[in-house]
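Asks: Next come the chains, spelled out residue by residue.
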Amino acid sequence: MTGLPVLSILVALPLIAGVICLFVSANAARWIALLTTLIAFAIGIWMWTAYVPGGPQWQFQELVPLGGGFNWALGIDGIALLLTELTLFLMPICIGASWRSIERRVPEYMAAFLLMEALMVGVFAAQDLFLFYVFFEGGLIPMYLIIGIWGGADRIKASYKFFLYTFLGSVLMLIAMIYMVATSGTTSIPQLMAYDFPPEVQQWLWLAFLASFAVKLPMWPVHTWLPDAHVQAPTAGSVILAGVLLKMGGYGFVRFSLPMFPDASAQFMPLMFVLSGIAVVYTSLVALVQQDMKKLIAYSSVAHMGFVTFGLFALNRQGIEGALIVMLSHGLVSGALFLVVGVIYDRMHTREIAQYGGLSNNMPGYALLFMLFTMASVGLPGTSGFVGEFLSLVGTYHASTWAAIAGTTGIILGAAYMLYLYWRIAFGVQKNADAAAMPDLSPREWLMLGPIAAAVLWMGVYPESFLAPMRADIAALNARVARAAPVGDAQLKVGEAFFDLHMLWMLLLYINHS
Amino acid sequence: MARIAVLFSAGLDSAVLLAHAAHESPEWVKLTPTFVMLIGLWIAWNNYIRDPKASAAFVATFPGIYKFVANKWYFDELYDRVFVRPALWFGRLFWKGGDEGTIDRFGPHGAAYAVGVGNRYTTRLQSGYLYSYALVMLLGLIGAATWAIWWAR
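Top to bottom, those sequences are chains Y and S. Residue numbers for the first sequence follow the numbering used here, beginning at 1 and rising by one. Residue numbers for the second sequence follow the numbering used here, beginning at 1001 and rising by one.
Hint data in this document are derived by calculation from the structure and do not stem from the laboratory. From a predicted model like this one, the values you see are computed outputs, not experimental measurements. You may find that some hints are simply not true.
Stated by the list, open to error - Residues from chain Y that face chain S, not an exhaustive set, calculated with beta carbons under 10 Å: (1) Ile156; (2) Tyr165; (3) Pro221; (4) Thr224; (5) Ala287; (6) His349; (7) Ala416; (8) Leu419.
From the three backbone atoms N, C-alpha and C, an ideal C-beta is built for every residue, glycine too.
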């Protein structure tokens, strides 16, 4: 561990670059944003290698008192580390995706994105309750501007809906935070994670935090801002929204709801399972009938976040591991899917699925990558989606078999809507001459999608790389919630080992005999 | 070691049992696949080699059976009715009736509409006439005084 304030640098670097962007030409702003995000990503890689899995729970800690009870307290555990890496990884790709498609107010756009990056890193690194709140809420501002200024035709309505929806929930969270600080006498998140509030108080605090995180994630029935926001946002805005902003809701559950209010979490487990079950089935069915590509993927995001809440509130190790892998995987896959939509939107300027068809003929490279991300979204083994959804459902099954049945239905429906989408876009007859004349992926687009494809396969084939840094933190979290977790209805036990030498012997004999 | 030996002997027994079970099924069960194959072979030979017009004659005699088989037992249609259409119907119901018709209507859009309507009423209060403001102030004072005297003792 070095004395270098890495996390402060990761927050400050994009902030400074963002300010510089405002005073230069469009092209210079593009290059500054790209280089800054690449440097931040390089720092992130270094941070990952310097992070000691199984070492101290909080690493890269910094603490500067700001007076008045406020602290500049940063530090990350394994969970925050990986979510930070996801952010740093997606940012250069977002800048690349905006390279040509954004033509108006480029310096301001790049500044907004760099501000967004600083705030997102801040959310995952914050160790002070109010610092977290500032970063968490601050993230709304650049996203509000990105949708409202560079969005589609209906952008003003979508940006207001996004802002007011999420802000309303967060106000309740702020009230709960003030109460918590007043009672416990500390603003330090690590200390609060070990503080035991009385169970009857926990209920109210838990509900107040739910109001914020449920909207952010989003959970049914407070998800209706998401389709509008995604449809109107520019491609890179959608990528960040789906890739990182939604994960803040899940991160909030992991960092606050579960460890700080374990009794309430166990008490509200049925509520969370019902809401997750509805989310998974309901939004999957809605996704099936969408005619707008972005809306379809937006609804699929809500369904996938259902697996996150299923896994988290199963309150066991597999469930939490699965939920976190779903978060990371969905960050990559949904980001990639929005980029995939952006690629053809840039060529045809329509998101209507019916305008496309047969693209595998004229865009084979595109069809290949789109297929990979479709499969990852569906949860095909070998891709990241499988690992997360499988673990999450295993955990859910331990807690409630009915919930697991609802969740599994969602996987089937997920295959239905994603394959239906892929079929309508990449296969079939080419009925639109403009679509049939579109060129395949440019080198820039390969550079954007290729790394995500590699990461998706890496996470699918060797998830240990991603589970190892989080293992100790998940164990700690599990220990914290396990005492409150109710006993599940699936009484699983270790079976009698049947398939051993005995079985082999039997097979050999049988083959020999017949 | 003894344990393993027991395991092995148990395994041996069940393997023998399984092998026996495979051998003890009635003879006709084992011959069924062969018969079915032979029937197929005969039909194919009859319809393609001996008498190529026979298949057309069969279709003319039994149009129902022909259509049923040619349409793969209507399984695609069955699945379409049982799974695909209901799924799409529910999807549209949840989208138009649920998300747009209920959640948005009574949630954010409804709230925005209510604020708009409320604003129209409140703007009427702001008449700009001093006496109406004075009246409101007076009513407020009376209300506050009443509350202080009667209920807040």
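Asks: A separate judgement is required for each hint: does it hold in the structure or not?
Replies: Quick rundown of the hints versus the structure:
| no. | hint | verdict |
| --- | --- | --- |
| 1 | Ile156 | 12 Å, violated |
| 2 | Tyr165 | 6 Å, holds |
| 3 | Pro221 | 5 Å, holds |
| 4 | Thr224 | 5 Å, holds |
| 5 | Ala287 | 8 Å, holds |
| 6 | His349 | 24 Å, violated |
| 7 | Ala416 | 7 Å, holds |
| 8 | Leu419 | 13 Å, violated |
Hint check: violations occur at hints 1, 6, 8; the rest are consistent with the structure.
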